[in-house]
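Student: Protein sequence lines correspond, in order, to chains A, B and C. Per the working numbering, residue 1 is the first one in the first sequence, and the count goes up by one each step. Per the working numbering, residue 1001 is the first one in the second sequence, and the count goes up by one each step. Per the working numbering, residue 2001 is the first one in the third sequence, and the count goes up by one each step.
Derived by calculation from the structure, the hints in this document are not laboratory data. Since this is a predicted model, take the numbers as computed values, not measurements. Treat the hints with care, as some may be off.
Claimed, not checked - Pair by pair, the computed Cβ-Cβ distance ranges are:
#  : chain 1 : residue 1 : chain 2 : residue 2 : range
1  : B       : ASP1214   : C       : THR2230   : 46 to 56 Å
2  : C       : PRO2118   : A       : THR259    : 48 to 58 Å
3  : A       : ALA313    : C       : GLY2172   : 31 to 41 Å
4  : B       : LEU1069   : C       : GLU2130   : 32 to 42 Å
5  : A       : SER151    : B       : PHE1071   : 20 to 30 Å
6  : C       : GLY2172   : A       : GLN206    : 25 to 35 Å
7  : B       : ASP1158   : C       : MET2131   : 18 to 28 Å
8  : C       : ARG2187   : B       : LEU1069   : 56 to 66 Å
9  : A       : ALA313    : B       : ASP1158   : 19 to 29 Å
10 : A       : LYS377    : B       : PHE1043   : 31 to 41 Å
Glycine residues also receive a C-beta, built at the ideal position from the N, C-alpha and C atoms.
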Amino acid sequence: MGDSRDAKRVRNRLALRDAALNLDLDLSRRDVLKIAGYGSLAAFIAACGGGTTTNTSITATGGKMSLGSYNTDPGSKAGTQAIVDAFAAANGGTKVTLNTVDHGTFQNQISSYLQGTPEDAFTWFSGHRMRFFASKGLATPINDVWDAVKSNYTAGFGASVKGDDGNVYAIPTDYYPWAIFYRKDVWAAHGYSIPADWDAFKALCQKMKGDGLIPIAFADKDGWPAQGTFDILNLRLNGYDFHTQLLTGKQKWTDPRVTAVYKKWSEITQYYSPAFAGLTWEQGADQLLRKQAGMYLLGLFVSDEFKASGSAADLDQLDFFPFPNVGSQYDAEKALDAPIDVYMLTKKSPTLSANLGQAKAFMEFVSKGSTQVLYWKSAPGSIPTANDADTSQFPALTKKAVQIVSGAQRITQYFDRDSRPDFSGPNGMQGFLLKFLSNPSGDTTSLQGQMQAFWDSLPPE
Amino acid sequence: MSVMASTAPRTAVRRASRRIKPARVILHGFLIAMVALWLFPLFWAVFASLRPYGDTVLHGYLSWPANGLSFINYQTVWTQAEIPYYYLNTLVIVIPGVIFTLLLASMVAFCCTQFSWRFNLIVLMLFTAGNLLPPQVIIVPLYWIYLNTPIAMLGSIDIGNFSFAIFSDNNLLYDQYIGVILIHVVFQTGFATFVLANYMKTITKEITESALVDGANVFRIWWSVILPLCRPALAAMATLLFTFMYNDFFWALVLLSHGNKRPITSALNNLQGEFLINYNLIAAGALLACLPPIIVYILLQRQFVAGLTLGSTKG
Amino acid sequence: MANTTTSLAPARAKKEPEAGALVIRRKRRYTLLTRHDRILIALMVGVPLTLDLLLIWGPTLASVGLSFTNWQNIGPITGKNWVGFKNYQFLFTGYTLFWPAFTHNLIWLAWLTLIATPLGMFFAVLLDREMRGTRIYQSVFFLPVVLSLVVVGFIWDLQFAPTDGFINNVLGTAKSANLIDWLGNPRINLFSVLIAASWRHIGYIMILYLAGLKSVDPSLREAAKVDGATEVRTFFNVVLPVMAPINVIIVVVTAIEALRAFDIAFIINQGKNGLELLSILIYNNSISEASLVGFGSAIAVILLLVSLVPIVAFLSRVMRTLA
């Protein structure tokens, strides 16, 4: 969002300092941001020495670095460990200190974490939250690393790693799409077919209801699953641009286009699981698994629950289709939620200046397809982003997911990653959407007014 | 009169033990029903923890497990989640925490009850009120204090993978065992001071005075005279403090940034994934984590109620 | 010791513990203390006191200060962050969740005061007698207090889940037609959580009250028994009045627990959709990813002010019992 006030302030301060020290340095924007994190003059001078020359390589072998990760469940934890081990082997024995904290806590504490004593690199995700911390000067830009690896990525992924100032701050490693999941055997038994448009979709729901199934499994006790439905409806009805602008406050929640989204949504809420406000997403997936529900709009991680059941037969029956066309001009965008996980470098790590070469080598390493496939082997829900990833081992479900995302013109990161956390959190939009869902066919004008008033009350970021 | 009063109930009891009072039967029946009601939710959770997650995904929680009960969750938690290691973290935080809290609280209680000076009551009030504040009120400024307080790095005690820094491994109070112990001590001193002060109030000041006259300094009196007299109260407080500090996950979550330094209650979070939560596994972990406070309570139970007694008659 | 020997001699002569000699005794105690002693006392009180002021009261005052800013925990606090009473204004007039959360805390207080605490006291009275197994009963009722939050959350999730939970299946309300959504229906989920909270609260109150009951002079009860009073009348007319200080403590503990209520509502669904509570609002605003520290501090100050009412009541009782 342009020049942050912090960067301007730092630059002014440094200009005064330069004048005092009579140092004649050609400080680029990038260097200013890099220097802004160093507390001492010695580090400042050392940085000047190492930052602007182009002869030295940007990576280094051996030595050590540290990584902060939120991958705690057994699969992703094993995958991260595999990456770390492979990196040590490939980079001359670099010793990587891995600090694993559970996902929820890591995300909640991220602001304090990045300003305190973070590790050199950390796991994070793309979207507004990434750009926010970059603009606050809490991440180190890695344009040099990106220049070396960008040929391995599509334009879509390339766009997902840039900060507001145009610098690159992250390396994308994996993603997963949101789609409507179903069981092949249940559909075959009842003779259902994939609906091509909205009316066919509603007709299918009606038919499922008549057959004694819950047409659309829905579970919103955690609050965030409902945002997936809002995202896809808003994207398809009003387009990618309106959606991203709405989530960042440039459009109003009282806009009649938003009202249209709620109206459209109310057409299918009658087909939702009863008591959905008390169900966790796992319980919703269980309904799909136990053949009680016909469809489920969720991310690819729904296969984790199927996998956890221990029944390979059930996992084989899992399939999905993209959200049906709603009959607007934006259907052609084929937009969908496909959140992207990334690695970033912190700014305030006390060891970053010493380990910068190794940290950048790590970023290069995780951009390789082979590394991402290594991770994927332990965490099959996370699809590699690199072009050179070997997709031959992918099961049919994963290959289909790759297809659906590569066919999409526009990808969003999910509501709570594309917007401010104070707005999208449990006492924000999560609560508002639950309120809407408790009375979907009612008039949403006052509720939309509340959403807009809530946004207006938030201080500037 | 007193003889009659003391014999009358005794004969009444003797008569009662020969004849079962219906009132007593009803009482026991009621209490047993209440016990069943109280324990049932816990047993249901234990039952769920003895089932593999896949089983409940397929069949729900109201079914008998297809392959019978299994300890797989407990095994996984013990080996994969490295529970023994997190127990050590917890002990390192809780035991010094309890000891220091009792030491500091008994000092303050001693000084405020056995001597009277001008700010006696205000000090006591400050301590007691401090414990009644909701922790959310102080957490953000506390975080910044911890991030900016320099602490010396004087080495560490290393046992295998476990490392206890003396007193910091990053020159700060943040992300250190010392920091978490400190906030526990300061936070719980209020409640402990209040209970101990109430108990010490029953210790006559003559004891202190005669000890002073005999030439002991106040420290000796506190250590050798008053503390032994307060044994029941100290035992009760030790149990309660152990429970409170052990079950805390709030302070540890905010003041420790390394996942492997966490005590066991917040380390259980590490069993959760980004999306998928294996509830049965976490239940097994949580039940394992609950055992130490239960054991401590059972061991110290005899002292428990006696220790909490406020203003008891002299014994 | 040299400078006190002179005062010790006459002091020792007047050593009778007479009520009338109270004032003199106090003065005498001061002179029994050497300078060494006084320094020790100063240390023994001063060190904990300093820690308390630095780590509890200091941050509390800082929070009050923060409540007048819109700081978001990133970067330094500057003059631009100052917003005066804007946070409080929005809190009372514009924030849609404040009054529901406040109401929920009041409902919590009413429930604890009228249902949970009396039940705890009742259990304590029942168990305050010579009978077999009283210690087992005490342990069972106190057990939920000892369990950690994660277990408690899971335990009650198992009970209250709509289709897979025990309660609905036992009551026959698991079918779609008459499904009771214990945790998702904003009109009843607070009461579900209160049942879970009572499970712990009753044991806690029981132990505190039992301790108080044990301190009642048994001769009082025997006297009442000899006079022919029934148990109920003995309790209400003899025991209860004597327990006045304990009663105050129970009332205050109940009030504080109601205001501090956080754990169970948070673990169920992070405090939304009918489970909003003041402490959860603080957490979700200032400590979670949202980082609205200024606004969260304003809520914290309100909670602090409301908490001061029972705290002051408690402390005035403390003053009276200790003075």
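Student: Hint numbers the structure violates, sorted upward?
Tutor: 5, 7, 8, 9
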